[in-house]
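Asks: Letter by letter, the chains look like this.
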Amino acid sequence: MIEAIRSAMDVSMARDDNVVVFGEDVGYFGGVFRCTQGLQQKYGKSRCFDTPISELGIVGAAIGMAAYGLRPCVEVQFADYVYPAYDQIVSEAARLRYRSNGEFTCPIVVRMPTGGGIFGGQTHSQSPEALFTHVSGLKVVVPSNPVDAKGLLISSIEDPDPVIFLEPKRLYNGPFDGHHDRPVTPWSKHELGDVPDGHFNIALGKAAIRREGGDVTVLAYGTMVYVAQAACEEKGIDAEVIDLRTLLPLDLETIVASVKKTGRCVIVHEATLTSGFGAELAALVQEHCFYHLQAPIARVTGWDTPYPHAQEWDYFPGPARVGRALQDVMEG
Amino acid sequence: MIEAIRSAMDVSMARDDNVVVFGEDVGYFGGVFRCTQGLQQKYGKSRCFDTPISELGIVGAAIGMAAYGLRPCVEVQFADYVYPAYDQIVSEAARLRYRSNGEFTCPIVVRMPTGGGIFGGQTHSQSPEALFTHVSGLKVVVPSNPVDAKGLLISSIEDPDPVIFLEPKRLYNGPFDGHHDRPVTPWSKHELGDVPDGHFNIALGKAAIRREGGDVTVLAYGTMVYVAQAACEEKGIDAEVIDLRTLLPLDLETIVASVKKTGRCVIVHEATLTSGFGAELAALVQEHCFYHLQAPIARVTGWDTPYPHAQEWDYFPGPARVGRALQDVMEG
Amino acid sequence: MAGGDGVLKFHVPEPEVRPGGTPDFSNVPIPKAGSVPRPPVDVDPRQIRDLAYSIIRVLNRDGEAVGEWAGTLTDEELAEGLKHMMTLRAFDTRMLTAQRQGKTSFYMQHMGEEAVSCAFRRALAPGDMNFPTYRQAGLLIAGGYPMVDMMNQIYSNEADPLKGRQLPVMYASKEHGFFSISGNLTTQFPQAVGWAMASAIKNDTRIAVGWVGDGATAESDFHAALVFASTYRAPVILNIVNNQWAISTFQGIARGGSGTFAARGLGFGIPALRVDGNDYLAVHAVAKWAVERARRNLGPTLVEYVTYRVGAHSTSDDPSAYRPKTESDAWPLGDPVIRLKNHLIARGLWSEERHKQAEAEVLDTVIAAQKEAEKHGTLHSGGKPSTRDMFEGVYETMPPHLRRQRQQAGV
Amino acid sequence: MAGGDGVLKFHVPEPEVRPGGTPDFSNVPIPKAGSVPRPPVDVDPRQIRDLAYSIIRVLNRDGEAVGEWAGTLTDEELAEGLKHMMTLRAFDTRMLTAQRQGKTSFYMQHMGEEAVSCAFRRALAPGDMNFPTYRQAGLLIAGGYPMVDMMNQIYSNEADPLKGRQLPVMYASKEHGFFSISGNLTTQFPQAVGWAMASAIKNDTRIAVGWVGDGATAESDFHAALVFASTYRAPVILNIVNNQWAISTFQGIARGGSGTFAARGLGFGIPALRVDGNDYLAVHAVAKWAVERARRNLGPTLVEYVTYRVGAHSTSDDPSAYRPKTESDAWPLGDPVIRLKNHLIARGLWSEERHKQAEAEVLDTVIAAQKEAEKHGTLHSGGKPSTRDMFEGVYETMPPHLRRQRQQAGV
Ligand SMILES: Cc1ncc(C[n+]2csc(CCOP(=O)(O)OP(=O)(O)O)c2C)c(N)n1
Ligand SMILES: Cc1ncc(C[n+]2csc(CCOP(=O)(O)OP(=O)(O)O)c2C)c(N)n1
Ligand SMILES: [Mg+2]
Ligand SMILES: [Mg+2]
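Protein chains in written order, with the working numbering: chain A, 34 to 365; chain B, 34 to 365; chain C, 232 to 642; chain D, 232 to 642.
Derived from the structure by calculation, the hints contain no laboratory data.
A hint or two may mislead.
DSS-like mimics (lysine-lysine), calculated; alpha carbons at most 30 Å apart, straight line [to be verified]:
1. C:K602 - C:K263
2. A:K293 - B:K75
3. B:K75 - C:K240
4. B:K78 - D:K240
5. D:K405 - A:K78
6. D:K240 - A:K78
7. A:K75 - D:K405
One chain only, chain A, in its complex shape (with noise of 0.2 Å):
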């Protein structure tokens, strides 16, 4: 999924000399994770260079730069560390259209790592998407596969408005499903992972279906969509899985068919619980099908406590507890 992203990088960059990529450590050595490796050597250090250790500073200047044309691309290292940033985010890249009724406009993307499953700590492994979906003026995406993650990219890059967009950095090197003791099956072996050379677009705002079925809907995102795919093989549940990609603007279309289909449904997420995505999930859905619903919506998420070392499998929902929810469901 690197190369994905960094492909969906050079494209954009190589279309558009508008666009330009920095944050910390992204030029000359490319990255921490490596996805703006050779950027910097293949268009100059005006397009890709790295910046002091400020989120705030690179963000707030991401939105000059917007306002004066460009259309920067910045990575903030962890998703754990872009609350420096939070204030430039909120108040001013996502308002900045609205308030100037269009005089400025702000089409940056803040790229970022997220969740966890790599022993990261408590500071290496939020997933902070719903502090972003609360957010009006902001659009938010999560990849789960290399295709999507450059097709998406390369959207969000395009976008007229600014784009959170995370990547699941247990995503990097391969689907993994949550099972930690098995070796993770590397893209190259995935459909998803054979990714188009040059230009492409997948929409921002559309949802994928990864998963026929008639009995259960079950909502995921990033990393979670391989969880929820191994709980339902496990389980030998008919259920629909459906991969989000955008959470805002969300496809809420598609998941209403679903629902309405199967009358049931499981909501995924690594973040916390309480007021996390899943809980606009479960609110649209109780919402739009709540004639349909045969059994109360279930949440299978991070607990509410900051993300710990050691027990790191005991906090991450694996397919183990996505597959008793699932059956509670069904049941239910």
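Please build the complex by placing chains B, C and D with the ligands on the supplied structure of chain A, with the hints as guidance.
Replies: Quick look at chains B, C and D with the ligands alone, frame taken from chain A:
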């Protein structure tokens, strides 16, 4: 309500000289809403003082002071300006006890005026509570009347953990019910405006039933408690109105008991809809009361736009909108 | 509160006087006009550290322009500058009254600080971009932005260019080099640096200007701006308007022990100048110097304008609660309008009579604009932006959930 | 990328050399040991601005302690200091290996920077509080915190004082004046100032110390800390450990055009000193000076320690991708352990033989601690903190929703 809040700090400072109060303009001047008026005079500049305009610094310093053993109660001038302090709140205050296994703790209160209705435009009107309810380790309190404001603030100051204390500024002078074209009754004429002298507690985590009813449960907090009550009166609906008071931890028991009784639920808040706290409430209610619900849970909230200036009353979820939702749910 | 021997004591800075006391600025060192030399623009910043602790002044007490910084403006420009300041002052007076009359919710005036934004604006070229705060409307007035549009914005009326979405005075105009004002302090400062970086990345010639108040320098964005400006040698001017007060807190709370705000630049190797903000000529001369530096790839400049906020912080504020009512009379740098007027009179280019006449003309223009604006409505009466407008412009294309909500709202 | 005439150019700082090049520190001015005078602690900060641009050094090339900053430590203290640094180095070596053996997930070493935290620790009194980063374990080693407990934390084992909740090396000990380390850079800096303010508010005598890396000074929290420290004259020492590198970015990216990090303090009127961070004696002397200032209500001090990160940033990093492999050999300030060793030998207090013996002893102690720790398990084997522990301590009292979740988890 301003006097009640001031009295809570006064009482707490008198009882415990580890309680210190500071923030922008809170010292000599007594705060732009006058909530700290007289405290510097009474307790001296070491206990109540002005700070530089740095919300990050205010909360960061408060965390250090709390680690030392003080109990800082700080003011952020408007909730809209809390974002520069967001990293200190989320990554530090909320995590300190957990990550240090109790070696260091963080008994701080961050007070801030919240909500709109004063023609304050997008940066003096926001209701960011959901950005805090997603953060494990925080408590989130929203009082709706002077008695509660005092009792809850005293409890917050005495709480061993960090508390975000949101003061609906539209309630400072009286129980505003959303009828902006009518004069607001002052608190002196309201039962809950009669604030006892001296020390008393209202426990965090306990909701209050403001209006008993059998047909539908309305979940609200802050200003919306009065809007909801007005809507129920006007529509003549036998609704039970629950004032949540504390959003985190939530009094789920009271909520579930009520919805199981009424079979219907309307949630009201001023914050934007998507990923607002209403989403969490809806998710919980459908989970715990699924088999009792007779209609979809409705949310009446601020629209998913920044808070506009001129269109304030089109934006504000007033009694008319709440009334319509009540009717819909009754018919649902 | 002072501790006993050997124990720590807590220090909180206090202004010299509080209400009831006698205003006293005798501790503020004011160098003689013309006494501060003007270094070449490519000077090594280390050679001019002193400029961060002094005050560059051009107009002396007799209204003469003296010293090396004098002479950057023609007679016509000076006369026009006076008119700009007078216009801004008249504009403020009318809008303050309008607010009191309930025609809008809020207003923020510039009294005493008119020279800063009006004179600075003159040093810029078309295409340069300001990232202002709420107290630089002089940039618009001096830049020829229509007053009617400003008023339409203040009234949130049907002709408001911002469609009623923003608090009064939060103007935005790309064409006039005026970035959208934010209610959140200091966020514009790193944005200005980013804009300047973009201009350098594109090998453009346009420069950016960031503006911030004394109080707002304490915000973290200030640091990010200086770090990025210093590292990338951005073509940006970072302006600090030190009008002595934040809201109720005097400048010492934000400044701490550093003596001046300009000094903040020294830690970043950024040339830092302090200038008499009530001296139209000095402001212009310093602005010109800094603009030339930026334009010539010499990097950022930090400028502190020493001035005084004569009025209330905003219409929501009453300064008599925290400072002596007569403090502004004691302010040693005088009034910018009177000082420029006296200069023109001293040079035989102006007279008291002509000034009165100009005042009347300016007032007429402002009143005419106001009448025109009020045709489009004021906040609570007449035409207003639509509820539909409220749902527009959150994104370029309205997403489905907002369409649903607009529908629910029935508009 | 340089633009043509008259157009703007974008500047990005670059280190002198990259992999493949020959390391070169010839542009780093190194003042002679003993050449920087020691001012009285109550000096006016304005008198000592030069100290922010120089380097205070005590040990000269011949291993002699020279100049006004010499003489703050007894022979025994020096010998003990050497042992502390050797212990820290041995500890690092063992833990690096343990990480490679899969006994833990992550480790961060101190190679080359041992003098900074070890010598500083000596200048503190019981009750003082450090707000460290992840590269000051010397504070614990020199402060007598049990190595076994450090290892238990690193292993996240059943005896981990932090119950497996934290990433390795994120220690916390109130008793040992070591605030809980955060993974988020620089957040501790304003907290240190707050702690110091609290101590002053309570008329206590204890002081606080904030620690930050060169790269992390760019974060906004740095500014907040300096603003608050300056305004309230907090009894705090603000330490910047400049080890030349952040992760892959050299110090020039964070520092920009200011020449030094110490210079940042000048804009706040805070005395700022720069010291040879590889000189145990110099670090201690400067620490003592700053501690005395804080204790005597003279306010904050900013200190920049000039040192070099010899190892990788962390076990997740490989520096050969961004700097010449031999760069550390060229570092002009030498190795802190060897320099102190040579000093003791020069003074006849130590010998090569004795050193070898001490090395062996130190290693034995570390190995013994490691054996002890491993009895309690390592990250993936043996005893570990319980799943129940995971749910505890989010709040003092577990709220109902966490109780429900713990129940769901079946623990
Ligand atoms: C982030 C943030 N915090 C607080 C405020 C509230 N506030 C508005 S203006 C102001 C004072 C600013 O003072 P200064 O920077 O000196 O500017 P001046 O008003 O004097 O021009 C304050 C505290 C705000 N708007 N934004
Ligand atoms: C807020 C935040 N942003 C980014 C990071 C990732 N990060 C961890 S250490 C580091 C480099 C710090 O360099 P420096 O301050 O020089 O300290 P050193 O490692 O050299 O001791 C970075 C970028 C982080 N931990 N926190
Ligand atoms: Mg001011
Ligand atoms: Mg470093």
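Asks: None of the hints should be skipped; say for each whether it holds.
Replies: How the hints compare with the structure:
Between C:K602 and C:K263 the CA atoms are separated by roughly 45 Å; this puts the pair beyond 30 Å, and the hint is violated. Proximity of A:K293 to B:K75 is assessed by CA-CA distance (about 64 Å); at most 30 Å being required, the pair is judged violated. For the hint pairing B:K75 with C:K240, the CA-to-CA distance comes to about 19 Å; that is within 30 Å, so the pair holds. For the hint pairing B:K78 with D:K240, the CA-to-CA distance comes to about 50 Å; that exceeds 30 Å, so the pair is violated.
Restraint check for D:K405 and A:K78: not satisfied, since their Cα atoms lie roughly 46 Å apart, outside the 30 Å limit. The hinted pair formed by D:K240 and A:K78 meets the criterion: a straight-line CA distance of about 11 Å does not exceed 30 Å. For the hint linking A:K75 to D:K405, the alpha-carbon distance of about 50 Å lies beyond 30 Å, and the restraint is violated.
Hints 1, 2, 4, 5 and 7, counting from the list given before, are not met by this structure.
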